[in-house]
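S.K.: Single-letter residue listing:
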Amino acid sequence: MAVESKTQSRSAALETATAAAGGSEPTARRTVGDVSVPNPVMTCRQVNVHYGDKHAIRDVSLDVAHNEVIAMIGPSGCGKSTLLRCLNRLNDTIPTAVVTGTITLDGQDIYERRQDVVQLRARVGMVFQKPNPFPKSVYENVAYGPRIHGLAADRTELDEIVQTSLQRAGLWEEVKDRLDQPGTALSGGQQQRLCIARTIAVGPEVILMDEPCSALDPIATARIEDLIDELRQNYAICIVTHSMQQAARVSQRTAYFHLGDLIEVGSTDMIFTNPKHRLTEGYITGRFG
Amino acid sequence: MNKPDPLRTAQEQGRIRDLVERGLRRRYRAERRFRAYGLAAAVSGLLFVGFLFLSIISTGYTAFVQSYIQIDIRFDAELIDPEGKQVEEILRMGDYSGVFKAALREKFPQVEGRRELRQLYGLISDGSAFDLRDMVLDDPRLIGQTRELWLMASDDIDQLVKGKIDRKLPEDQRVVSDLQLGWLDALTAEDRVERRFNRVFFTAGDSREPEQAGVLGAVVGSFLTLAVTLLLSFPIGVAAAIYLEEFAPANRFTDMIEVNINNLAAVPSIVFGLLGLAVFIKFFGVPRSAPLVGGLVLTLMTLPTIIIASRAAIKAVPPSIREAALGMGASQVQVVAHHVLPLAMPGMLTGAIIGMARALGESAPLLMIGMVAFIADIPGSLTDPATVLPVQVFLWADSPERAFLERTSGAIMVLLVFLLVMNAAAVILRQKFERRW
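First to last, the protein sequences are chains A and B. The opening residue of the first sequence carries number -8 in this note's numbering; numbering runs sequentially from there. The opening residue of the second sequence carries number 14 in this note's numbering; numbering runs sequentially from there.
I should point out that these hints are in silico values taken from the structure, not numbers from a laboratory. These numbers come from a predicted model, not from an experiment. Among the clues, some could well be false.
To be verified - Think about it this way: if two alpha-carbon atoms lie no more than 30 Å apart in a straight line, the pair counts; the simulated DSBU-like pairs of lysine-lysine are:
#  : chain 1 : residue 1 : chain 2 : residue 2
1  : A       : Lys45     : A       : Lys121
2  : B       : Lys98     : B       : Lys114
3  : B       : Lys181    : B       : Lys98
4  : A       : Lys127    : B       : Lys445
5  : B       : Lys177    : B       : Lys98
6  : A       : Lys267    : A       : Lys45
7  : B       : Lys175    : B       : Lys114
8  : B       : Lys98     : B       : Lys175
9  : B       : Lys114    : B       : Lys181
10 : B       : Lys445    : A       : Lys121
11 : B       : Lys445    : A       : Lys167
12 : B       : Lys328    : B       : Lys181
13 : A       : Lys127    : A       : Lys167
14 : B       : Lys177    : B       : Lys120
15 : A       : Lys127    : B       : Lys328
16 : A       : Lys45     : B       : Lys114
17 : B       : Lys177    : A       : Lys121
18 : A       : Lys167    : A       : Lys121
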């Protein structure tokens, strides 16, 4: 199944970008498997990202469905994190990054000029590889998002948001007595759950997770994975991971990237039991990566 | 099986161990040598600082005491208020130096002749007349009474009492005459000479008479000047650093600004003085010699230091914190105000400390804008003529009177204490801002 060229206007921009990048590079590989889903929350169509001269991802099209966990796997430098950072326009902070193609959230182009980045990032939250709580108290960490977006009318409402978010992140029982202690004093796993609580406190529709467990021990990892499974009831989650076991455990769909190309997409069961593409098969069987 | 690995034969392993062994000794020697150099550098640095402090303190500590001479003063109505009106204006005009001169004559009645009398009057500081006047103005009932009072000794007598003038020198080589020596010894024998804490040194402005000169004028001048400098250079410097680091587009214009700022930090400070003279005094008409214009000039000088340090501090804020805030949907300004600024504040304050310490010790640019003038009054506002501590040190060091020597060192000590207090305040502030992550 090929990519439908929904937007003709984009292809012109795409050509210019390709030409600028050096012209005669090999055409993008066709993705194996169905990239689209019915009623998606986010869609990417023919997304290309250049960092200066480097063509980081090529013609990637992929949908994110409601209430699903989609895992992005692939060897280092394959562009999975780059795609993730396009979904909330965090790539905007890199001056040399050029993004072309269409990415929509609920049918609306997020790279359109009318789209406000602040609004977008409130709707598409992000959890990073290294737990990065603010050097403030646990409470302030969670209350920060609601505060800057003006989500709570008064202190009781804010308290409620903080409590609910911490409960959903499975951290409430551990920190309820020390909300005023610095978030950086928690253990690594707790810090990461604090970051998740902070993200869900602003009520996003999609949560992006960039290798959220790579800095954690197996027990903390297991807790986060359980959490991801629970969060799926309310949010769409994109997770980038280097651990194939993790991808198999938490996700419903898996996308395999290789050197900037989206090689294969499919249900996680299928990707791990019956991969169609030889690159996918090579990666998941551990021949390279 | 494969052929044996050459690195794994017993013979080869022994050779490797030998090589490492030999290298090991050399490495440890190099390490010991390196440590010795470092220690030597630290010790010699400490020695120099110690020597500096020792020399300043040993010459300067006597500036904090002053000799006083006790004498029976008769507040003669004839000299103070001949018409007995007791009006302030008339009391103010009284001949108070006549009062203590009469007292000295009474004490040593055998002294005769103008030259000898002048030597006798030279025992007591001329400034004592003002002290006596103030006493009478405070309490006019003193007129007609006699009191035993401690009056300030003149600077040369003071130096003699402190042992800074050698009695054994021939008379024509020392400032204190044999006659004065005799009188002083007579007074000492009666326990009428005493060394007391030199309050004047801390409460008076500059004076031509060493015993009446104090550092308060310069301390207040330094304080006002640095207040202007801090209030201007810190906000401007931090704002410039934030703009350049967070908002400025990366283009040739920004590059040019950056190069210029770095060069400004290396401009000799006297050039800033000339600039201040031309721009602030000549063009804008800011009053000369005033803390305001001094602060403006020092602001120009301090800005590059603060900007460079602040930019480094902003750069050192971990990108993960920035990304976390951006990922939460914070706007650029919110990221800066809520996260970057608080985390960079300790580094910025360090830059401010360095800049302010340099500004405090600066005298060259201030010479250009007239802060080198002799100013006896303590400045009361930003536009009053003033001088600053380093310039005061310079002025005193330049004075011929021997007593200014110890006062120069005394003023240096005051300057160092000023610096210490300022830096301590900044360090405390910095610790308040410092956070772990």
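S.K.: Could you run down the list of hints and mark each one as holding or not?
M.R.: Consistency of the hints with the structure:
1. Distance hint between A/Lys45 and A/Lys121 is fulfilled; the C-alpha atoms sit about 25 Å from each other, no more than 30 Å.
2. Only pairs whose Cα atoms come within 30 Å are accepted, and B/Lys98 paired with B/Lys114 is accepted, the gap being roughly 24 Å.
3. Annotation: proposed proximity of B/Lys181 to B/Lys98 is violated, straight-line Cα distance about 51 Å (limit 30 Å).
4. Restraint check: the Cα-Cα separation between A/Lys127 and B/Lys445 comes to about 14 Å, which is no more than 30 Å; the hinted pair holds.
5. A threshold of 30 Å between alpha carbons decides the hint, and for B/Lys177 with B/Lys98 the separation of about 46 Å lies outside it, so the pair is violated.
6. Between A/Lys267 and A/Lys45, the direct Cα distance comes to roughly 28 Å. Compliance with the 30 Å bound is thereby established for this hinted pair.
7. Simply put, B/Lys175 and B/Lys114 have alpha-carbon atoms about 24 Å apart, close enough for the 30 Å limit, and the pair holds.
8. Proposed proximity of B/Lys98 and B/Lys175 is contradicted: the alpha carbons are some 43 Å apart, above 30 Å.
9. For the hint pairing B/Lys114 with B/Lys181, the CA-to-CA distance comes to about 28 Å; that is within 30 Å, so the pair holds.
10. The hinted pair formed by B/Lys445 and A/Lys121 meets the criterion: a straight-line CA distance of about 27 Å does not exceed 30 Å.
11. Of the supplied pair hints, the one linking B/Lys445 and A/Lys167 holds, its CA atoms being roughly 26 Å apart against a limit of 30 Å.
12. Restraint check for B/Lys328 and B/Lys181: the C-alpha separation of about 67 Å exceeds 30 Å, so the hint is violated.
13. Taking the CA atoms of A/Lys127 and A/Lys167, the gap is about 16 Å. The hint holds against a cut of 30 Å.
14. Of the supplied pair hints, the one linking B/Lys177 and B/Lys120 holds, its CA atoms being roughly 26 Å apart against a limit of 30 Å.
15. A threshold of 30 Å between alpha carbons decides the hint, and for A/Lys127 with B/Lys328 the separation of about 20 Å falls inside it, so the pair holds.
16. The hinted pair formed by A/Lys45 and B/Lys114 fails the criterion: a straight-line CA distance of about 95 Å is larger than 30 Å.
17. Of the supplied pair hints, the one linking B/Lys177 and A/Lys121 is violated, its CA atoms being roughly 69 Å apart against a limit of 30 Å.
18. For the given pair, A/Lys167 sits about 23 Å from A/Lys121 by alpha-carbon distance, which is consistent with the 30 Å threshold.
In this structure, the earlier hints numbered 3, 5, 8, 12, 16 and 17 are contradicted, and the remaining ones agree with it.
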